[in-house]
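J.: Which chain is which? The protein sequence lines are B and A, in order. Residues in the first sequence are numbered consecutively from 1, following the numbering used here. Residues in the second sequence are numbered consecutively from 1, following the numbering used here.
This list has only true hints and no planted wrong ones.
List of simulated lysine-lysine pairs, PhoX-like, C-alpha gap at most 20 Å: (1) A:Lys97 x B:Lys46; (2) B:Lys60 x A:Lys4; (3) A:Lys112 x B:Lys18; (4) A:Lys151 x B:Lys18; (5) B:Lys64 x A:Lys55; (6) A:Lys97 x A:Lys153; (7) B:Lys46 x A:Lys112; (8) A:Lys4 x B:Lys64; (9) B:Lys46 x A:Lys151; (10) B:Lys60 x A:Lys55; (11) A:Lys97 x A:Lys151.
Far from chain B by the CB rule (all over 12 Å, computed), these chain A residues: (12) Lys55; (13) His64; (14) Ile70; (15) Arg71; (16) Ile110.
I should point out that these hints are in silico values taken from the structure, not numbers from a laboratory. Backbone N, C-alpha and C define an ideal beta-carbon position, used for all residues, glycine too.
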Amino acid sequence: MQLNESTYETIFLLYIDKELSPKERLEVEAFIADNPSYALEMEALKATVLSAENIPYAFKENLKQFEQETSLEVLDQKWDTTYATILKEDMQSIPGLSTSFKNTLKKETASEGRIIIPIGFNQNKFTYAAIAACLMVFIGYQQLTKSQLSDSSVANSSASNSVVSNGLATNSNTVIVPNATTIISTESTVSGETVVSNSKQTATIKLQASQSSIKRSSYKFQNATIAIAEPNRNNSNINNQAIITKLSSSYNNPMTIDAISTETNSIDVDTETTVDEKAATSYEVIDTEDPNRTIFIANFEIDGAAFRGITRRFSALLKRNKSEKEK
Amino acid sequence: MTDKDYNDCVDNFADGVYRFIVKNIRHTEDAQDIVQSAFEKLWVNRAQVLPEKAKSYLFTVAYHQMIDHIRKSNKMPLAEETTIPHQKIVQQDAELKRILMHAVNELNPIQKSLVLLKDYEGYSYQEIGEIMHLSESQVKVYLHRARLILKNKLSAYAPTAS
Chain B
1 MQLNESTYET
11 IFLLYIDKEL
21 SPKERLEVEA
31 FIADNPSYAL
41 EMEALKATVL
51 SAENIPYAFK
61 ENLKQFEQET
71 SLEVLDQKWD
81 TTYATILKED
91 MQSIPGLSTS
101 FKNTLKKETA
111 SEGRIIIPIG
121 FNQNKFTYAA
131 IAACLMVFIG
141 YQQLTKSQLS
151 DSSVANSSAS
161 NSVVSNGLAT
171 NSNTVIVPNA
181 TTIISTESTV
191 SGETVVSNSK
201 QTATIKLQAS
211 QSSIKRSSYK
221 FQNATIAIAE
231 PNRNNSNINN
241 QAIITKLSSS
251 YNNPMTIDAI
261 STETNSIDVD
271 TETTVDEKAA
281 TSYEVIDTED
291 PNRTIFIANF
301 EIDGAAFRGI
311 TRRFSALLKR
321 NKSEKEK
Chain A
1 MTDKDYNDCV
11 DNFADGVYRF
21 IVKNIRHTED
31 AQDIVQSAFE
41 KLWVNRAQVL
51 PEKAKSYLFT
61 VAYHQMIDHI
71 RKSNKMPLAE
81 ETTIPHQKIV
91 QQDAELKRIL
101 MHAVNELNPI
111 QKSLVLLKDY
121 EGYSYQEIGE
131 IMHLSESQVK
141 VYLHRARLIL
151 KNKLSAYAPT
161 AS
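Using the sequences provided together with the hints, build the complete structure.
T.: Pasting the structure below:
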């Protein structure tokens, strides 16, 4: 910036209009200090600047609009900043309130944004509760059925509803009948050894032959009559003869136990087993591969198709819950 | 711009816009109408106006409405400020103020608006050019001419005032 006779007026006008930088303003002031004759010129130009006036507009309120969009935000801010504190102070001063509730008020602040967890069942909890209830009903029904059958078996006979487990079988044709309580006990005094299990739920016959053995033996029970061979300890002449006595005729499901003996599991030939020909006549072969069969696992009766459906639904439920959690 | 921003504009800029208009046309009712029209236009177009540009927008709208008003009514009283409430005017030197305002009222509307926007509102040349749709150099030249005119008129009135 160069101040001289020809440029001073323009620069002075820029000065009074405040369009110069601070450095340039200092240069102008220094120029005036060095040349007092220009001071009057500067004062004359400064006199043209209007001074501030306050002329208020009287109708401001008529121009204002209702703040519909932000009114809730403003109220929320006012609540957070003022009313929440006042309320806490008032609550603290009430003597009837419990100390724990007051302490809760002390810990909370308006800006914390406390999360309130709703009380009650949500969808997942309700699903789990429904599954648990179904399981409890199912188990309870099974236990009730079990107890009823046990009672009936005791009432009929101590050895009704027999179970015959052919320990000689090698083709896994072992059948477990629910509520089995009867043990077949066969003991050979001469050549055979029979291990008898008195367990109520298992029946095992172990016949160990020392002499010749048969390759195949078939026991036939007619009208589901389960026979038990009992040794006759009193008669030494028929020492090797087991007398099969009829225990119960209440078991109506005919079955056939087809036993294939091996060298190690064979029936003593000398042990002559006599079966009541009138009672044991025929048995059915249980097809374990039949999908429509009824499987007895322990004391629970489970339908194969229904069980698969339950497992599928349960797995689908788990997958859905997992996907919801991932979302 | 939100509703709250608009109401803030009313609080902050209504006085300045009104002062600018009433100093130009020197008619309070017309000035109030122009101010109201300017704020109505701001309210209608508030979605397109940024809050930081609201003041400039208001002065621009008010200025052009004032020009339209002057052209339609064809009244530019150059005599006394009969409608301005003198009791509300704050000034250090009442006589000098009166002489200066008299000189300002003798300026043409563009020069007068330039002086008012510069002195009352403190706008820069660029901002005044945006409001009045003038270039920065035009603002500078017109304003300097107005200053020199005022200076000469003040020099002429000064001996009388003193």
